[in-house]
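Participant: Chain by chain, the residues:
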Amino acid sequence: MIFIEALRSGWQAILANRLRSILTTLGIMIGVAAVIILVAFGQGASNSVTSSIQSLGSNLLYVTPENPNRDGEIVNPSVQELTVDDAIALNDPVRAPDIAGAAPERRTAVTCTSEDRSHSTQIVGTWPSFFSINNSPVSAGAYFSNADELSARRITVIGSTVAESLFPESDPLGRQIACNGVPFTVVGVQAEKGGAFANPDDVVIAPLSAVENSITGYGEVSAISVQASSSETTDDAEEQAIAILDERHGTTEGTRDFEVFNQASLLDTANTALGIFTALLGAVGAISLLVGGIGITNIMLVSVTERTREIGIRKAIGASRRFILLQFLLEATVLSLFGATAGLGLALLVAQIEIAGISPSVVPVSVVGAYVISVAIGLFFGSYPAKRAASLRPIEALRHE
Amino acid sequence: MTAVVEMHDITKVYGQGEAEVRAVDGISLTVEPGEYVAIMGASGSGKSTVMNIIGALDVATSGTYKIDGVDIGDLDDDALSLVRNRRIGFIFQAFNLIPRMSAASNVELPLMYRGVRRSERRRRALDALAKVGLADRSHHQPNELSGGQQQRVAVARALAMDPSLMLADEPTGNLDSRSTADVLDLLDEIHSEGKTIVIITHEDDVAERAGRVVTLRDGKVESDVLAAAR
Ligand SMILES: Nc1ncnc2c1ncn2[C@@H]1O[C@H](COP(=O)(O)OP(=O)(O)OP(=O)(O)O)[C@@H](O)[C@H]1O
Ligand SMILES: [Mg+2]
Chain A
0 MIFIEALRSG WQAILANRLR SILTTLGIMI GVAAVIILVA FGQGASNSVT SSIQSLGSNL
60 LYVTPENPNR DGEIVNPSVQ ELTVDDAIAL NDPVRAPDIA GAAPERRTAV TCTSEDRSHS
120 TQIVGTWPSF FSINNSPVSA GAYFSNADEL SARRITVIGS TVAESLFPES DPLGRQIACN
180 GVPFTVVGVQ AEKGGAFANP DDVVIAPLSA VENSITGYGE VSAISVQASS SETTDDAEEQ
240 AIAILDERHG TTEGTRDFEV FNQASLLDTA NTALGIFTAL LGAVGAISLL VGGIGITNIM
300 LVSVTERTRE IGIRKAIGAS RRFILLQFLL EATVLSLFGA TAGLGLALLV AQIEIAGISP
360 SVVPVSVVGA YVISVAIGLF FGSYPAKRAA SLRPIEALRH E
Chain B
0 MTAVVEMHDI TKVYGQGEAE VRAVDGISLT VEPGEYVAIM GASGSGKSTV MNIIGALDVA
60 TSGTYKIDGV DIGDLDDDAL SLVRNRRIGF IFQAFNLIPR MSAASNVELP LMYRGVRRSE
120 RRRRALDALA KVGLADRSHH QPNELSGGQQ QRVAVARALA MDPSLMLADE PTGNLDSRST
180 ADVLDLLDEI HSEGKTIVII THEDDVAERA GRVVTLRDGK VESDVLAAAR
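These protein sequences, in sequence, are chains A and B. Here the first sequence stands for residues 0 to 400, numbered as in numbering that gives the first Met the number 0. Here the second sequence stands for residues 0 to 229, numbered as in numbering that gives the first Met the number 0.
Just so you know, the hints here were simulated from the structure itself, not pulled from any lab data. Be careful, since some hints might not be right.
Computed far set for chain B versus chain A, every beta-carbon distance over 10 angstroms [claimed, not checked]:
hint: 1; residue: Ala2
hint: 2; residue: Asp8
hint: 3; residue: Arg122
hint: 4; residue: His190
hint: 5; residue: Arg211
Just the calculated beta-carbon pair ranges, DEER-fashion [to be verified]:
hint: 6; chain 1: B; residue 1: Asp75; chain 2: A; residue 2: Ser382; range: 16 to 24 angstroms
hint: 7; chain 1: A; residue 1: Leu14; chain 2: B; residue 2: Arg216; range: 45 to 53 angstroms
hint: 8; chain 1: B; residue 1: Val20; chain 2: A; residue 2: Arg392; range: 16 to 24 angstroms
On the chain A side, residues computed to face chain B include the following (Cβ under 10 angstroms) [to be verified]:
hint: 9; residue: Ile1
hint: 10; residue: Glu4
hint: 11; residue: Asn16
hint: 12; residue: Arg308
hint: 13; residue: Gly311
hint: 14; residue: Arg313
hint: 15; residue: Lys314
hint: 16; residue: Gly317
hint: 17; residue: Phe322
hint: 18; residue: Ser390
hint: 19; residue: Leu397
No experiment lies behind these values; they were computed from the predicted model shown. Heads up, the beta-carbon is just placed ideally off N, CA and C, and yes, glycines get one too.
Just chain A, same shape as in the assembly (with noise of 0.2 angstroms):
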């Protein structure tokens, strides 16, 4: 009932200052709507990052040729690079159960032009399996097989960038691009991956005998990527491949010249970093919340001070400490939430907006929680002039001009 009555006082009070109230409300609502949008842009980035991993395969492991050295000395000068028979060493169900495949891969970067078009990219010479293993479907078209890597047939699977770069307006099925002046026929596009590091969509997949016949030569390959048999065996699968090609090597932990990228791990360690990202972000809007709160103190003492004369007549006339108490505090209470309203339709406004490729994701948890904590900033921040102005004595008060 008093509840009521006082809500209903503050907010006659809030009207009769119309634009006082307006712009203290801009002030939480900066800071409510900064928290949000920060909060929802780590939280884009860190969607944007994991999908672009998960993209890879989350059961992939990534084996790439590494020189061990200890301070820029080269502690092994025998290394010996990553090859072929390595990548058909890790296809072993007996030493490496976990491991489902394994496939070289030998990159390198080429120009390929079609009819009247060039786009420069990146080759990648592989196996059929590299499909399975890094989770690569075909949007049209089909893949390679086998016979086309033992007859090193020239024919390839373009990535969607590529696809649009050289038949923005054509089915490129069927039809020849040259790559280095290597004629290869298309047979397959890749389905759009997408990804917020480099593009895995900008390469053109051909069967590594092709690729070494006609570009590269033979030798090592540029990496081996393998898949293991679940997301839960991959720590199982890095041990075996690496134990494989230790012994193949005639490395150890100190001399290894190969290194195995974990992608759950990977995984893992982006989400910590992001999270942390995350909290920095939603940190620099708790801080502008925090100014909107001291704007709203600062509002309400000025408020408490041009109305002594108010509340002395109102105390005159019966009003309890409790009731100026209350009535200042829903004052400072509803402000805030009216901030807290405006700045939440602030965000979302702001969170259609895609920046730097991220796409802002509202989080659920960062609403309700700028919704309690302007509750608490109206409470907190309010609580000293309402104070003030409930131990305000009726025969000053009524004396103040």
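Once you've looked at the hints, dock chain B with the ligands against the given chain A.
Facilitator: Quick look at chain B with the ligands alone, frame taken from chain A:
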């Protein structure tokens, strides 16, 4: 019957040592129900100080004071608010209406603090406004009313509370002679209906309407005269 106001040897001292001012210096005063008392005296004689103590807006330095038999001496802030709310209807020289609130809302306010339901207090507010002749101004804010009208709203506010005591501190001090007559006529009418009124004034013609005139001088009662004896 219990006296409405019962002051015994009340003093009010401001400041200390050299700067000490005895604004009220041992006043004893009793006001019975239905009385109409005017308090007069030169400027600085202690009228407003007495009025603040009678109205429970301030507490005395020493002495005892009872309103309707209730001792005010050891009440805290909130209890004093309650006493004012239940028993005192104030009419101030400066009107003291709350700005940016309609006349009706102003009149309702003390009833709201008393916990009266909205519909009930709106009805009582409109009744009181009708009684002071401002039924058609209930939606006007104070700054849309003349001084005389504002003071009549203040009288309505005091009236709506149905207080034991109407307390007016120079209610006509800011008014022209026409408005003064309006307000004083109203007080006469209210008094004739049985209300107890204490009014502080400088002017003899205002005091003339009261049945009893108490004159203060330097914080003491100089004279206390019934109209019949004048
Ligand atoms: N808050 C205060 N602090 C110190 N002295 C005060 C205070 N209030 C009143 N006084 C002093 O007490 C004395 C009585 O003041 P009071 O206001 O009661 O006079 P008054 O009779 O109402 O005068 P007026 O007719 O001018 O309104 C004065 O000397 C005044 O200076
Ligand atoms: Mg005075």
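Participant: Quick check on glutamate 4 of chain A please, does its C-beta sit within 10 angstroms of some C-beta on chain B?
Facilitator: Nearest chain B Cβ about 5 angstroms off; hint holds.
Participant: Quick one, is the arginine 313 of chain A hint okay against chain B at 10 angstroms, beta carbons?
Facilitator: holds, 7 angstroms
Participant: Are phenylalanine 322 of chain A and chain B close enough, Cβ to Cβ, to be under 10 angstroms, as the hint says?
Facilitator: holds, 6 angstroms
Participant: Closest CB-CB distance from aspartate 8 of chain B to chain A, is it above 10 angstroms?
Facilitator: Holds, since 21 angstroms exceeds 10 angstroms.
Participant: Does 16 to 24 angstroms hold as the CB distance between valine 20 of chain B and arginine 392 of chain A, or does it fail?
Facilitator: Hint holds: Cβ distance 18 angstroms, inside 16 to 24 angstroms.
Participant: Using Cβ atoms and 10 angstroms as the threshold, tell me whether histidine 190 of chain B really stays out of contact range of chain A.
Facilitator: holds, 21 angstroms
Participant: Please confirm whether alanine 2 of chain B is truly not at the interface, meaning its C-beta sits more than 10 angstroms away from all C-beta atoms of chain A.
Facilitator: About 22 angstroms separates alanine 2 of chain B from the closest Cβ of chain A, which puts it past 10 angstroms; holds.
Participant: Per the hint of 45 to 53 angstroms, is the separation of the Cβ atoms of leucine 14 of chain A and arginine 216 of chain B within bounds?
Facilitator: holds, 49 angstroms
Participant: Close enough to count: is the Cβ of asparagine 16 of chain A nearer than 10 angstroms to one in chain B?
Facilitator: Hint holds; asparagine 16 of chain A Cβ to chain B Cβ min 9 angstroms, cut 10 angstroms.
Participant: Would you settle whether the hint for serine 390 of chain A is holds or violated, based on the nearest Cβ-Cβ distance to chain B being less than 10 angstroms?
Facilitator: At about 8 angstroms, which falls below the 10 angstroms cut-off, the nearest Cβ of chain B leaves the hint on serine 390 of chain A intact, so it holds.
Participant: Would the stated hint for lysine 314 of chain A survive a check requiring a Cβ distance to chain B of less than 10 angstroms?
Facilitator: With Cβ-Cβ at 6 angstroms, under 10 angstroms, it holds.
Participant: For the pair aspartate 75 of chain B and serine 382 of chain A, does the Cβ-Cβ distance stay inside 16 to 24 angstroms?
Facilitator: This hint holds: roughly 21 angstroms between Cβ atoms.
Hint compliance for this structure: no hint is broken.
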